[in-house]
Each structure stands twice: as C-alpha cells, then as structure tokens.
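Line by line, the protein sequences are chains S and U.
Under the working numbering, the residue at position 341 of the first sequence is numbered 341, and the numbers go up by one with no gaps.
Under the working numbering, the residue at position 179 of the second sequence is numbered 179, and the numbers go up by one with no gaps.
Since the hints were derived computationally from the structure, they do not count as laboratory data.
Glycine included, every Cβ here is placed at the ideal spot set by N, Cα and C.
Do not take every clue at face value.
Straight-line alpha carbon distances no greater than 30 Å define the calculated BS3-like cross-link-like pairs of lysine-lysine that follow [claimed, not checked]:
| no. | chain 1 | residue 1 | chain 2 | residue 2 |
| --- | --- | --- | --- | --- |
| 1 | S | Lys86 | U | Lys315 |
| 2 | U | Lys57 | S | Lys253 |
| 3 | S | Lys232 | S | Lys253 |
| 4 | U | Lys30 | S | Lys30 |
| 5 | U | Lys29 | S | Lys315 |
| 6 | S | Lys249 | U | Lys22 |
| 7 | U | Lys380 | S | Lys115 |
| 8 | U | Lys380 | S | Lys248 |
Stretch-level coverage of chain U by chain S, calculated; a stretch enters the list once three of its residues show a Cβ under 8 Å from a Cβ in chain S [stated by the list, open to error]:
| no. | stretch |
| --- | --- |
| 9 | 23 to 29 |
| 10 | 68 to 75 |
Protein chains: 2
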Amino acid sequence: MVSIAIMGHGVVGSGVAEVLLKNADSIAKKAGDAIEVKRILDLREFPDSPLADRFTKDFNDIVNDSEIRIVVETMGGLHPSYEFVKACLESGKSVVTSNKELVAAKGDELLTIAKSRNLNFLFEASVGGGIPILRPLDQCLAANEVHEIAGILNGTTNFMLTKMIEEDMPFDDALKLAQQLGYAEREPSADVDGHDAARKICILASLAFGRHVFPDQVHTEGIRNVSLEDVKAASLMGGVIKLIGRAKKQGDKISCIVAPMIVKEDENLLAQVRDVFNGIMVRGDVIGDVMFYGRGAGKLPTASAVVADVIDEVKHMKRRKALFWESGAPDYVVPYTEDSTAAMVRLRGVTPAQAEAAFGAVEVLSHEGNVLAVLTPVMKEQTLVEATDSLGDRVISCIRVAE
Amino acid sequence: MVSIAIMGHGVVGSGVAEVLLKNADSIAKKAGDAIEVKRILDLREFPDSPLADRFTKDFNDIVNDSEIRIVVETMGGLHPSYEFVKACLESGKSVVTSNKELVAAKGDELLTIAKSRNLNFLFEASVGGGIPILRPLDQCLAANEVHEIAGILNGTTNFMLTKMIEEDMPFDDALKLAQQLGYAEREPSADVDGHDAARKICILASLAFGRHVFPDQVHTEGIRNVSLEDVKAASLMGGVIKLIGRAKKQGDKISCIVAPMIVKEDENLLAQVRDVFNGIMVRGDVIGDVMFYGRGAGKLPTASAVVADVIDEVKHMKRRKALFWESGAPDYVVPYTEDSTAAMVRLRGVTPAQAEAAFGAVEVLSHEGNVLAVLTPVMKEQTLVEATDSLGDRVISCIRVAE
C-alpha cells in the first residue's frame, strides 16, 4: 500500500479522489500496489465526503508524515503552493501537480530539487488537461529535433471563439455564456487575456527545447479585441480566428508568443479544434507534424492525467523520470518584433493603394463602405508595427495569420 | 556503448540507420549511452552505405553475437520475421519492430516469451507510423477504462478517398495516382481491401482491452466498392467517407470492424483527417475523447518511432515495460452482425415507401431519376443485412454511418 496526500479539494483535487476511489481495483493492478489517500489538505469542511476522516487544515500533518510518499498538489495559484511543494520535495516526497502557474513560474527550481533528491516532480495535467502530451512530447523528442510547437491551449477562449465564428455571437455574449456554463471565471482575465495559454506554452517550450521559459518572456495578446467583423473578414480568406500559443526554435534561442491568429481551414487541423477542446501540434525534423487533441480542462479529464502521474510514480518509486530542463535566461527568448508574420488588417478610410504603400503587396479581402480588409505579405513584426503605427487610428484591427 | 542489429534494409530499416547516424549525439545523450549499429541483415548489397561494412546475409551473425543487445526488425511479412524475432528473444535480446503483420499475428506469443525472459518486445511503429500512440494509450489506460478506439489507420486509402472527395477523382484514377506517388503497392490489396487497417486495429484493441485479437476475427471491408456517387450522397448528409477501424468493449467481449464509414464533418474530428494522414480517437470513461494525429507511414516518421523504442530500451535495459496482453480466444470478438449501425443505402428502382418498408423510418437524401439515397435508422447489423438482401440487386451500395 502506498500512502498519498492531496493538497486542495477543489474541482481537480476532488476529481482525483473520486477517480482513485472509482477505479481503485484497476489502478492498483496497473500501479502494482494499492493507493491510499491518507490526507487531504483543505481549509473547508467536507463532512459528506467518503474520505471525510482524512481531511486536515494543517500542512504539517502531511509534510511531517513519513508514511506519505507522494503528494498531489491541486490548490492552484503560486502561494502557498510553491512553498508547500518545495517543502514536500525537501522532505523526500515526490510531487504530482496540475498547477500550470506553479510549473511555469518555478518548474526549473522544483525539477532541480527533485533531481538532487532522486525524486520526481510530475505535471502532465498542467497542459492539455487529460490529453497525454508531456510524455508523448518527451518521446517524440527522443528521436527528433522538435522545431515548433503550436496549439490551442485554452478551452474557455476556444469555446467563445467557436460561438463567435459559428453563431455570430458577439464577444460579450460569448463571455457571459462561458461564465454561465462554468467555463470562465467571474474575473475572466487569465483566460481571455491569454495568461493561461502563456503559462502552458512556457511549459511546453521548456520541455521541448530544454530551458525554462517564463511567462513574462512571452508576448501575450488575448481575444478581448477580436470582433465579429474580424471573424467575418477572416472567413473571406478561408480562415478562422483561434487563440494560438506558439514556440519556435531560432538557432540557440527561441521565439514564443500567444495571440489570436487566423488559421486556414484547408491547411491546418487546428482550425477544426472547436468548442472547449484543445489541440497541440508538434513539428519535428523526422516525424513531421503530430497533433494531440482532447478536452483541455474539466474535473475528470484533468484528474485522469494527475492519477496517471501518480500511478507512474508508484510504478517507478525511487527511479527518476528523465523529465528535466535547465534554468532560463533573460536573453533566451528573442523579442517578438524580430519574428515574421503575415497579417489581416482592417482599415477605415484607407484606399487599397494607401494600404499597399504601408504594407507592400496586399491582397484585398473586402472593401465595403469605407472599411478595407487586406492580407499583408509576410514581413518582420517590427515592420508590421511601424506600418500600423503610420496609419494611426485608421487601423481597426490587425490579426496575425498562422503559418 | 550499446550494440544493436537491424534486420531488413528496406524503406524503414534504412531510415532507422539514417536517423541513428544523423541524430547520433542527441540520441546518445537521451539514451544515456551511444548506440552502435553493429550488424545489418539484408540479402542485397549496399556498397555505398556509410555502414557498408556492417552488412551480413547470415542471421546467425546476429543471433549468435552476444554483444548485440537489441535487434530491430524491419523486414515486414510473417516469415522469416517471426522465426527470427522469436530466436532473438530466446537468445536474450530485446526486439523492436515496425511489423504490424507480425504483431497482429503473433503479439501474444512474442510478448509472453519476452516477459518470461525479462526482455522487451516493443512495436510503437507498427501503428500510426511516427505518431506516438501505443505508449500514450497505455498511459490513458492507467486511470481510464477505455471503451472505444476508432481511427483512420491506413494512409494510402485515406489519400485515395481524399482525392475522390475533394477532386471528384474516380477510384481507379486515385489508385493509379497513389501507386505513382509510391503510397500504394503494385498489388494494392493490403491497403484497399482493409487488411493493413485490420492488423492495426487488432494491435490497438489487444493493448486497450488486454486480450489478443486476430485479424481473421475482424469483419473487414475495403474501399474498392466506394464510388463517386456514394461520396456525393454522403456529402448530402454533411459527411465524408473514411476507412475506419473500430474496436468497442461489449461487456467481457469486444466488437471489432474495418469498413468504409460516413463520418459527419460537424461531429467528428476524424472527418478532417485528410491525405496520407492518420488519426486515432480513443474514448475513455474519465478522459472523454482524445485524438492522436500525424503521418501514419513513410520512411522517416516510422523510423522515428522505431528509434524512440530503441532509446527507451537502452534507458531501461533489463527492466521490463508493462506492455502486455493475454492470449486471445475464438469467442472473444462478437460477430459483427450483433452490433448496431445506421447506414446510407443507395437504391435503384425503389420508392421511398418501399425503402421505408425495408429499413424502417428512413430519411431521403436524394431521389434523382430512378436512384434513391436514404439514411436508415440505427438498427442491428443483422437486420440491415436482411433488409438489403430482401431488395436484391436493387441495392447499389450500403455504407455505415460512424457514431
């Protein structure tokens, strides 16, 4: 019997307890040992839980209990998750987490502590919910040089964009619906401003390219400014607007961005990832394009990934997984302005000739009344910024086109 | 340094040698040891290969060489692959193969030999080419009860169907083009009659549900009888025709089928898997739907999966992977006639009323001249067979609708 603790009995944490109880027999068979939830840390009371007698409000009941070998962290947020996880590792316990904020901010440090003590710090659930992505990526990486990862990493914004695209629902209504359905928080900034996607692309880029990438190194734009008119103009070029997180190898450095991008329906399977689903495309030198798809969030899918990590840890107790990356560096991520892109630009009171003067050989997508929508050629982001700046408030919107 | 041998220097085998040479440094780093190709078995001569001095025509040079710890089998076919792989395992060497025919026919026996000698028999490349699918499936399985797997498992037929759907290219022309491009063999039966897909769904079903499934237990229909008229009628219900391999849990037994099916574009991401790509959908009780997508064939993608297995084996030398399944049984797979399905039926000289008399409440998709296309309700396969039999040669075609 292996004793574990769960810190945080919210959506994911209660899902982990539920899956461990529901599939206890098959899990014990797969892990080679029964798994007992000995302690659950939460400040709230859960008198009706079948595990009501395991609850504690005191972290010391977990960190000082030498019987507890694995600690699951599903509290979310950075504090006190960081301090608790660090203390658990330092007291000789392996840690499994679903906390993307923690991994994106402190992954390198926690992996280093785990390595030095021959423990594991596992976080499959932190990206893509239940979709197996970090281990397969690690496996893809074995025989490949991965040079790009691009994905729809946030289910809430993908749900909202799907409503905008397929039902002409304005942004504000789509947000309200997402909140009603429990997909978006009352304070939706982490989703709609791209921070959640930024944390996830940091974790993917850190693993794929071997050095830690911090969220503040990622140029991040959310979907607040995407309008139904943008959606319609994108459809004129056979594209849909998706919030894309992307990391690319650039020599010894990388580029990393989160932004709404136009994805062409004919060319890119990410265009077909609808509703709350996530899709992550990995591009390797040998393997070509590989995509992983599934529910990127939700209680049970995420709990499924956490439990898979716990089972893996029980099977490999005292054997370290290879999962590791080096510390980051301020100049490791090149400024986004050095990257190149094409863009769809919507302009008010600008003639095609004036658009061409600003952006080069543009393709006119539509020209209705005094509103012109054009597709620019591929150009340096810096040049694109200068061109839009030169047109001032005549620019209604500017949305990148995914390669 | 770990010495390995490669049996077969065809498309995949030469790709394995190429990847091992090309990415030697990064592979050594990931495996924790350098990997040396000590022997290559092939009856042909390759004087221009950088590994020309490693070639042998004598299997004994491999099986009797105690320095060789891992043998890669990329010969294809059942004989002498089976005898060679068995002999290698029995002489204490782990084996990595891309040979789906071998795994589908002899997987349980070879896994049992490997288990009894504490060796590994690995075959990630046998399904989905370079797409990591078997390990992630194993991982999905850890916390999930998987109840269905359905996929586009053959790139050649998917390429042909894509040409038929998108370019109105008749079957014969699509086949010729596939042959010209090297996707199809001159004798294309393994692809177009569904045998290749049947082998792959056997491997997936064996792993997911824990008992060996043999190709002759799978009801297998190919795409030879799919016409452009079928493609057009399917489009009237928002669907595309794909060759689907599907296995479903049915209590203690399973159902398993390979057949062309209509996949609805709005409902199922498999509809968007185009060209030579493969897509495999896994449905679990906790995780929901997960899809894996990528190039299902080709020299380098397949070689990439073989090399990933070799690296994994070097890292875990003398440690068995969990990969295993039990022997099969004649009554383990239920007859396909006991399963249920809806179907699109095209009929000549039949009125809607007569169609309704035969199939129940049908939906008329089109009625042009004397050709009627209808969508039947979901019914037992046996009932569907009886209904089409009752209409005799007035039935032009009958194609299942995927759920």
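Practice problem: Compare the distance between the alpha carbons of Lys249 of chain S and Lys22 of chain U with 30 Å, and conclude whether the hinted pair is satisfied. | Solution: holds, 19 Å
Exercise. Please count how many residues of the stretch 23 to 29 of chain U have a CB within 8 Å of a CB from chain S and say whether that reaches 3.
Key: holds (count 3)
Quiz item: Is it true that the CA of Lys29 of chain U sits at most 30 Å from the CA of Lys315 of chain S?
Solution: At roughly 24 Å apart (the allowed maximum being 30 Å), Lys315 of chain S and Lys29 of chain U satisfy the hint.
Quiz item: Counting residues of the stretch 68 to 75 of chain U with a beta carbon closer than 8 Å to any beta carbon of chain S, are there 3 or more?
Solution: Answer violated; 0 residues pass the 8 Å Cβ test.
Quiz item: Between Lys30 of chain U and Lys30 of chain S, does the CA-CA distance stay at or below 30 Å?
Solution: holds, 26 Å
Self-check item: Proposed proximity, Lys315 of chain U with Lys86 of chain S (alpha carbon, max 30 Å)
Solution: Holds: Lys86 of chain S and Lys315 of chain U sit about 28 Å apart, inside 30 Å.
Quiz item: Taking only the CA atoms, is the gap from Lys232 of chain S to Lys253 of chain S under or equal to 30 Å?
Solution: Distance of about 36 Å is beyond 30 Å: violated.
Quiz item: Between Lys380 of chain U and Lys248 of chain S, does the CA-CA distance stay at or below 30 Å?
Solution: Given pair Lys380 of chain U, Lys248 of chain S is violated - Cα atoms ~51 Å apart, limit 30 Å.
Quiz item: Going straight from one Cα to the other, do Lys380 of chain U and Lys115 of chain S come out at no more than 30 Å?
Solution: violated, 56 Å
Quiz item: Within 30 Å, alpha carbon to alpha carbon, are Lys57 of chain U and Lys253 of chain S?
Solution: At roughly 46 Å apart (the allowed maximum being 30 Å), Lys253 of chain S and Lys57 of chain U break the hint.
Hint check: violations occur at hints 2, 3, 7, 8, 10; the rest are consistent with the structure.
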